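Asks: Residue numbers (my numbering), protein chains in the order written: chain H, 1 to 390; chain V, 1 to 503.
Among the hints, a few may not be true.
Chain H regions said to be covered by chain V (calculated; three or more residues, Cβ under 8 Å) [said to hold, decoys possible]:
1) 82 to 88
2) 157 to 166
3) 212 to 223
4) 261 to 269
I should point out that these hints are in silico values taken from the structure, not numbers from a laboratory.
Just so it is clear, the structure is predicted and the values come from calculations on it, not from any experiment.
For every residue, glycine included, the Cβ atom is placed at its ideal position computed from N, Cα and C.
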Amino acid sequence: MLREAVLRDEKDFSACSIFGMMSPSGKRVNGEPIIRAMANMRERSNGLGGGFAAYGIYPQCPDLYCFHVMFDDHVARKQTEEHLRRDFEVCDSGPIPTRPCDGVENPPLLWRYFLLPRSTDDCDIGEEDRVVRVVMEINVKVDGAFVFSSGKDMGVFKGVGFPEDIGRFFRLEEYEAYLWTGHGRFPTNTQGWWGGAHPFNILDWSVVHNGEISSYGINRRFLEMYGYSCTLHTDTEVVAYAVDLLLRRQGLGVEEMAAVFAPPLWSEIDRMEEGKRKLHAALRQVYGSLLLNGPFSVIISNRRQMIGLTDRIRLRPLVVGSGRDFDYISSEEAPMRLLDDTVSETWIPWGGEAVVFELKEEAVPELTVPIEVFRSEVPLAARGTGRAEG
Amino acid sequence: MISYLWPRFLVERDLRRCIRCGVCTRQCAFEVHHLYEEEDWVYSDESACVGCLRCVTLCPTKALVVRPNPTQPPPNANWTTEYLQNIYKQAETGGVLLTGMGCDKGYPVYWDRMVLDASQVSNPSIDPLREPMELRTYLGAKPDSLEVERVEGRPVLHTKLAPQLELAVPIMFSAISYGAISYNACESLARAAAELGTFYNTGEGGLHRNLYRYGKNTICQVASGRFGVHADYLEVAAALEIKIGQGAKPGIGGHLPGEKVTGEISRTRMIPRGTDALSPAPHHDIYSIEDLAQLVYALKEATDWEKPVSVKIAAVHNSAAIASGIVRAGADIVVLDGIRGGTGAAPTMIRDNVGIPVELALAAVDDRLRREGIRNRASLVVAGGIRCSADVVKAIALGADAVYIGTAALVALGCHVCQRCYTGKCNWGIATQDPRLTRRLNPDVGARRLVNLVRAWSHEIMEMLGGMGINAIESLRGNRLKLRGVGLNQEELEILGIRHAGR
């Protein structure tokens with residue numbers, strides 16, 4: 001069973017690679033570059049988990065929720081579909097296209113569903129809250145089923161293996177997105193479980209995370225009060241749900257969210273001017289249980305933003321860079337240099353300082369960027385995958 | 001009537017060391033030691049000895065040893081010394097057995113059955129000597145969410161928070177009334193709380209006018225006897241606490257023997273000198289939860305909604321449901337006082353047999369409030385049997401926002417836990433009103449000792465937090481993954497919400 005494959009620790013101890021790239025003007029590129037970026041940081045992962053989130057990949061139906069679901073067997077699939085039909089009209093469904101790939105073994109059944117929420121008399125709860133509830137219900141109640149992607153015009157692809165292998169397994173070169181994030185895992189204590197790989201997603205939010213959140217125990221219990229069931233047994237899940245709670249449900253801004261996850265020290269707050277001090281003090285008083293304590297760097301994304309953040313004493317690496325068409329957030333500088341020789345400036349943000357890249361207001365994510373945009377001299381396709389093949 | 005009691009302690013005097021200086025005779029208010037100068041002889045009446053070790057500590061030549069009396073009744077697993085002596089006492093007096101301090105029975109101490117986590121490799125431990133480590137804690141009701149408005153692009157807080165107590169360390173001094181302890185002990189607590197940036201609690205005995213200057217660090221208690229409760233008293237406090245129950249004596253009110261009700265105390269409590277101050281068992285205006293809500297709001301109204309109102313209950317079987325009601329009744333802080341909580345005077349049977357260990361109550365209450373989604377609405381403080389900084393860390397990891405220490409604070413002032421507070425003869429000058437005894441406790445020294453204790457504990461808490469890779473106390477609060485049980489059964493683990501060590 002999916003969930004039983006997990007050790008009891010409920011928590012991820014991992015060192016990882018994370019990478020994100022986004023075109024503020026909405027230019028789209030296929031999965032090839034990010035696969036190469038992840039392959040470049042191969043020694044930061046150990047083959048026990050890799051994954052990607054891609055935004056703008058379903059332009060034919062941008063207003064339908066697309067669920068990516070993994071199943072142990074068809075019994076779980078049938079049960080899940082019953083659940084889905086209760087709240088949604090299923091516009092299209094089918095297996096997620098994959099190809100056999102060395103290094104990717106025993107995949108679960110991988111299906112996707114394009115869903116239109118049914119209108120409802122239930123006026124207490126908005127559409128997005130209903131989607132969250134259905135995801136939680138399936139993940140908690142249906143044995144052997146796990147919804148790992150539930151946004152619109154975006155999708156998460158992940159599994160057990162090195163990220164570059166997972167990328168090929170999911171045929172990511174066939175998808176085009178204006179925002180990609182990727183993750184390679186180096187878990188030290190959890191057995192390989194497909195659901196445990198990153199990114200973690202709820203609605204449009206996805207999170208890739210490098211680190212260990214020592215405050216996981218209380219972050220999780222706090223989120224449970226707000227109806228989030230942490231079923232994935234890993235600390236990154238709490239980041240995804242905390243983002244959803246703070247930004248979507250409670251309407252805080254990214255800055256405030258950063259101040260909750262990685263707040264300034266009290267000694268710094270005490271020195272702020274009054275309005276700011278009151279705000280930061282209140283954020284810590286009210287959301288102290290969501291402080292993400294311990295080493296982490298994360299890339300949080302939605303359809304319009306890519307946000308990078310490290311813990312407040314910056315115990316994990318995060319480098320930011322901007323090229324002509326794409327902005328990058330990465331564990332290391334090398335992969336952005338590898339991909340894009342237009343990257344002119346790179347910098348390391350302060351601990352707790354959120355770096356936010358946003359889709360321009362007028363951006364319509366339609367244009368497709370030819371791969372050559374990154375490097376003119378050698379076509380990317382001719383340069384291999386970057387895997388350690390020799 | 002001849003007493004059948006035999007001495008609990010033996011007092012042994014090394015005659016080669018004793019210089020007949022008379023310190024022991026002057027120090028012992030129980031009149032154990034008698035100096036006969038003409039005969040160059042000191043006689044010790046062991047039957048009066050309570051084992052407080054005042055004489056041993058002050059003897060300039062270290063000539064004294066006090067140890068448990070090896071004379072015992074015939075061996076019997078059921079009829080131990082304690083039961084026999086209690087029966088003799090009652091047969092001789094016809095009275096209720098009285099005692100002081102907290103339950104001394106060997107009920108499981110769950111603090112000792114839980115161990116803490118530390119980081120290794122995958123997340124770095126943090127060194128509090130070199131890096132910031134934050135213990136600041138705010139007590140009071142928190143909203144479920146904050147509203148932040150954008151004014152000219154800048155975020156501005158729109159939500160007005162309920163009043164909060166700011167604690168520099170998550171440790172406060174428990175409710176101990178003026179009357180139960182001396183003025184000097186109260187002043188020591190008040191000054192230490194002010195210096196530490198935390199709070200002490202007046203208990204139910206009112207507040208001496210001289211101590212009003214420490215009001216910013218004072219939590220004023222309102223108990224069923226309403227001793228010393230008046231407008232100024234409510235006004236001067238930083239927070240108010242309604243005492244429903246006390247861990248040492250759940251179900252009954254406070255007791256202050258008339259011997260301890262001196263002039264100053266009668267003035268502070270607003271009762272006649274020398275009368276027993278016996279608080280009613282219940283508040284006679286609180287027979288149900290809605291009555292409690294009325295008192296909570298009456299106190300808030302009386303103080304312009306500027307102060308958090310706390311409600312303290314003894315940890316009993318259904319604490320979780322009661323605590324939920326208390327939160328819904330508008331309390332900003334809920335205090336749970338466990339079976340090992342101390343007292344100046346309580347019937348022995350009640351102290352030793354009523355209530356539950358606070359660890360279990362804390363876990364159950366924190367779970368219940370979270371399940372109901374109202375944990376934010378009130379802070380949770382635990383009291384009763386916190387003995388060291390590790391107990392504090394474990395309590396916070398189980399779900400407490402802060403702890404109260406009572407016995408530990410008195411021990412810092414010199415208490416040796418002889419459990420005779422109700423006699424008013426405390427040789428350490430703490431639980432007494434006898435001016436000859438109270439002047440033994442110098443508030444300068446007392447405050448210094450308390451400050452030292454809490455500072456030392458703070459350093460230890462920081463070290464433990466740093467070891468876990470955490471640099472703010474709020475990341476420990478309710479973080480039960482940092483705890484593991486040792487030697488606990490499945491049910492205990494389930495109640496505590498922790499896993500067994502090794503898992």
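Asks: The structure should be examined with respect to each hint, and the outcome stated for every one.
Replies: Verification of the hints:
For a cut-off of 8 Å, the count of residues in the segment 82 to 88 of chain H with a CB near a CB of chain V stands at 0, and the three-residue condition is violated. For the segment 157 to 166 of chain H, the stated coverage by chain V is not satisfied: 0 residues place a CB nearer than 8 Å to a CB of that chain, which falls below the threshold of 3. Interface restraint, the segment 212 to 223 of chain H with chain V: holds (8 residues with C-beta to C-beta distance below 8 Å; minimum three). Beta-carbon proximity to chain V at under 8 Å applies to 4 residues in the segment 261 to 269 of chain H; the threshold of 3 is reached and the given coverage holds.
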